[in-house]
Amino acid sequence: MMVTPKIQLIGTWTLIKKELIRFWRVAFQTVAAPVITGILYLVIFSHVLQDRLEVYEGVTYTSFLIPGLIMMSLLQNAFANSSSSLIQSKVMGNIVFILLSPLSYIQLFIAFIVGAIFRGLFVGLVIYLLALIYVDLPIEHPWMVFCFAIFGGGLLGAFGIIAGIWAERFDQMAAFGNFVIMPLSFLSGVFYSIHSLPLAWQNVSQLNPFFYMIDGFRFGFFGQSDVSPYISLAVVFLFFVALSFAAIQMLKSGYKLRN
Amino acid sequence: MKTAISYKNVKKFYGDLKAVNGITLNIKEGEFFGLLGPNGAGKSTLINMLAGLAKPSTGKISVMGYDVQNNYQEARHSVGIVPQELVFDPFFNVREMLRFQAGYFGKGKENDVWVDEVIERLDLTDKASTNMRKLSGGMKRRALIAQALVHKPPVIVLDEPTAGVDVELRQKLWEFIKDLNNDGHTIVLTTHYLEEAQELCNSVAMLRAGKVVAMDTTKNLLRKFATKNLKLKLNFKGEEKLPQKIDHIPHQIVEDAFIFQLKRITDITEITEALKESRVEIADIQTVDSDLEDVFLKLTNSNK
Chain B
0 MMVTPKIQLI GTWTLIKKEL IRFWRVAFQT VAAPVITGIL YLVIFSHVLQ
50 DRLEVYEGVT YTSFLIPGLI MMSLLQNAFA NSSSSLIQSK VMGNIVFILL
100 SPLSYIQLFI AFIVGAIFRG LFVGLVIYLL ALIYVDLPIE HPWMVFCFAI
150 FGGGLLGAFG IIAGIWAERF DQMAAFGNFV IMPLSFLSGV FYSIHSLPLA
200 WQNVSQLNPF FYMIDGFRFG FFGQSDVSPY ISLAVVFLFF VALSFAAIQM
250 LKSGYKLRN
Chain P
0 MKTAISYKNV KKFYGDLKAV NGITLNIKEG EFFGLLGPNG AGKSTLINML
50 AGLAKPSTGK ISVMGYDVQN NYQEARHSVG IVPQELVFDP FFNVREMLRF
100 QAGYFGKGKE NDVWVDEVIE RLDLTDKAST NMRKLSGGMK RRALIAQALV
150 HKPPVIVLDE PTAGVDVELR QKLWEFIKDL NNDGHTIVLT THYLEEAQEL
200 CNSVAMLRAG KVVAMDTTKN LLRKFATKNL KLKLNFKGEE KLPQKIDHIP
250 HQIVEDAFIF QLKRITDITE ITEALKESRV EIADIQTVDS DLEDVFLKLT
300 NSNK
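Residue numbers (numbering that gives the first Met the number 0), protein chains in the order written: chain B, 0 to 258; chain P, 0 to 303.
Isolated chain P (complex conformation) (with noise of 0.2 Å):
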């Protein structure tokens, strides 16, 4: 499989700052992958050196094969941006910018077709002839969306696209990409809802301090960090102390529940055990399978 977007050893620094510090990063063509990382990890200057609007301080950065600085025109024709902020241009209607941002790619009236499309899929239809400053933050995020969509671009790269947006736009949002994907086109994304990546990507990077910690398939990542939990309520007689036995396994406390992380299967009867020696009674027991936010965190948070 070709590869999409690349970066090679890519380094951003304002002044002192890093704010990228040397990311090596490849997305194959057709990927749906997902940019991940708390705020200042990096995400949006990566992203934005992708767009242009940010220059690498060394490195290069390339998308479907072109050099974004060296063969701009090109690399931006390839992809299409969705901004994190809800920016738009105050003097024209929905379908109005659509067909301008077209129209700047070198799109003619051909293009209203496909235009009208997007619009109707981003339920936009019946906002086309209204003004950008009467829209709610929600529309706005919307045709945000088709701006970067009205020139059929191979690679999408959508910037936190679900942030204020409502439940039922997310669900239709993301039907949408996911056709697109299925269509073919790269997708990359930034979001906080993790679980918004963990379901539609089926890569990841997660990012700290301008720095990859983490790249692999959605699958692998799952695999190699989670654990299986053991989430138990419990009604202590006395004192409120886990039994001396059980408590070198790791374990949180969470509102009013003890979830201990599994080694192995066997931990839980040594657990149930020493609870009931104790003559602690369990009130409730759950086993909970680790997500990628527990990946995340833990990534994110080690050797800080």
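Just chain B, same shape as in the assembly (with noise of 0.2 Å):
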């Protein structure tokens, strides 16, 4: 039995479909809750602080934090779909069925990957759509959004990987959610500009990598941002080949997933 290239693609495309269906099936749950969830920070903190506060000049305060939240929801979904789709299989049992399969740990962690950042994106689209009943928000640099919402939503699904085949329960997993993601992107600079903030909190605040993924993907819309959207893109593209590299390494390994 020679394995070819075309049984590979076929293989990796079947679990992508797979990963994909997964999630619209539930799509009140994976798409329109986080959805809601976004729409309701926008109409909250841009009803409070509208007329308050003009973090850049020339950019109203709902402008600036519509970036913020469909990338802070683009990232949180990414991570979503790969952790619960890993730790779901894992408890139920029917992760047998891809570990069995002669799918390689590569198309494995591809498979997963682009899941994760399809999920994302569809989130932050809609969520974008929806604002734009709101305000008016062109896009200045659209290849700096593209990039910063694909290596975004990759770094994040490959930490879901991570997650996923780490955790043994649910709460396990959930205490990854509450306790890493959701501190780490309410602290990136969503509701903000790190400027406004006392010096030695700016400084903490970069050492928070979702701080770059937030403030690159708003360069992308404004042309302005806390730091150069090229440090914030290496940095990016450094932890998503860093997190890429600890995934597939997992996968390869089969760590609690083969004995």
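Derived from the structure by calculation, the hints contain no laboratory data. It is possible that part of the hints are untrue.
Label pairs and their computed distance ranges (CB to CB) [said to hold, decoys possible]:
#1 B/8 with P/64: 20 to 28 Å
#2 P/84 with B/240: 32 to 40 Å
#3 P/57 with B/140: 54 to 62 Å
#4 B/8 with P/116: 19 to 27 Å
#5 B/176 with P/182: 49 to 57 Å
#6 P/192 with B/31: 46 to 54 Å
#7 P/57 with B/20: 37 to 45 Å
The calculated DSS-like cross-link candidates involving lysine-lysine, where the alpha carbons are at most 25 Å apart (straight line), are [to be verified]:
#8 P/133 with B/89
#9 B/16 with P/223
#10 P/230 with P/240
#11 B/16 with P/236
#12 P/275 with P/236
#13 B/255 with P/54
#14 B/16 with B/251
#15 P/59 with B/255
#16 P/227 with P/177
#17 P/232 with P/275
#18 P/210 with P/54
#19 B/255 with P/17
#20 B/89 with P/139
Being a predicted model, the structure only gives us computed values, none of them experimental. From the three backbone atoms N, C-alpha and C, an ideal C-beta is built for every residue, glycine too.
Grab the two chains, each in its own frame, and use the hints to assemble them into the complex.
The following block contains the structure:
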């Protein structure tokens, strides 16, 4: 039996398709819920702060807020997709179906990452389209928006793989969300510019990789950012490579998957 | 005949536990092979290592000539495994699950005809569009078996496939598996129903504590280890005790009958005469051939 590139391609595409259908089957939970949360943040924060803050010159607070909310939702949902797929199939036992298959660790990685990026992009896009009802929000640097969305989604997708493999119970997975993803995304400058923080906190913020993803993504919309978008892109790319490497190693070694 | 599955001095340790302790085993192409042993004997560990779900501590395993670690993709293409646990993906229906599983093996739409045939042969047609969550235990078991067959593997491994399955399905399942075997597929089976193994398997390996204690064709094992037994129901006039003359003949009491293990046919005369002399009445008499279960119990219980 020769394993040809065509066989590999069909195998990878099948798992991608399964990952996409899986989240679409529960779209109420995986798409509608994060979109409503994002829109609620937008309505409440923009209502309270619209006339009080102007973070960038010529950019209203509502406009400033939207790219941050889009990116935050994109990142959280990319993480949720790969991590929940793995933990659910581990707990249910049906992970055995992909472990018995000839899919290589690289194929598994690609499928989970593509699924994660796609769900993140989809949720982000819906929030963006709904936000356009509120404000006019042109994109100044579409390629920057695209690169940050893809690498940011990929980074969190890879982190989701790591968490999904490591966690053995749903409460362990919830801890990842509540104690890592949520604080890092809330403290990344979604709702403010880090220049409004005291210097010490500005320095601390710069240790947070989520800050670079949000800041760079926002640059794509306004052409303004707290740090150079190229530095942000380099940081995001490096984190993406590092976490992808770790996730691939875990899949390759069969850590917590194969005895 | 070529070798379908080969284990070469395979060991698997979990800490101090020797789950598999030096097993060498060759299963030939086209065989219907039974892997028997009590719980904890190492059967599932052997299968898990073959499937790539566990890695051997030492030794080599190959399927259709492909090393399960170095050529794992080719090896997994060659084998379809029915896991023991009733696992399922709650997001999909039966047909979707089977098509996904076939897709992982690189099978596209051209394979849908075979998927539908498997569905039909396993009596799943009515349930093909039903979500896996809504299936009964027996139906889930059928779907699991179907999943192992969707890529038409030359080697099919069934780990306790009939556990919790009703008699009717068991019959249908074995008919289907026998057909696959007749078509040239190698079948490996673990089961607690030893009469199934005796009826279906042309060769068996019996495992105990991670080692093979016997391996041969089913016929040879029965010839080597099986005995003729004489089953008697007796009416004692006095004390319920066998005459001293025949007490030396190996026997056991099962329910209210005495089962004597016969070394030669003349033992029957010796037993009946001794009973007559002692005025013990024979209420019922039967000769019983021992089966694979007797061989299994003899081998797996000896030297405990």
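Comparing the hints with the structure gives:
| no. | hint | verdict |
| --- | --- | --- |
| 1 | B/8 with P/64: 20 to 28 Å | holds, 25 Å |
| 2 | P/84 with B/240: 32 to 40 Å | holds, 37 Å |
| 3 | P/57 with B/140: 54 to 62 Å | holds, 57 Å |
| 4 | B/8 with P/116: 19 to 27 Å | holds, 25 Å |
| 5 | B/176 with P/182: 49 to 57 Å | holds, 50 Å |
| 6 | P/192 with B/31: 46 to 54 Å | holds, 49 Å |
| 7 | P/57 with B/20: 37 to 45 Å | holds, 42 Å |
| 8 | P/133 with B/89 | holds, 20 Å |
| 9 | B/16 with P/223 | violated, 55 Å |
| 10 | P/230 with P/240 | holds, 16 Å |
| 11 | B/16 with P/236 | violated, 79 Å |
| 12 | P/275 with P/236 | holds, 12 Å |
| 13 | B/255 with P/54 | holds, 12 Å |
| 14 | B/16 with B/251 | holds, 22 Å |
| 15 | P/59 with B/255 | holds, 22 Å |
| 16 | P/227 with P/177 | violated, 30 Å |
| 17 | P/232 with P/275 | holds, 14 Å |
| 18 | P/210 with P/54 | holds, 17 Å |
| 19 | B/255 with P/17 | holds, 20 Å |
| 20 | B/89 with P/139 | holds, 18 Å |
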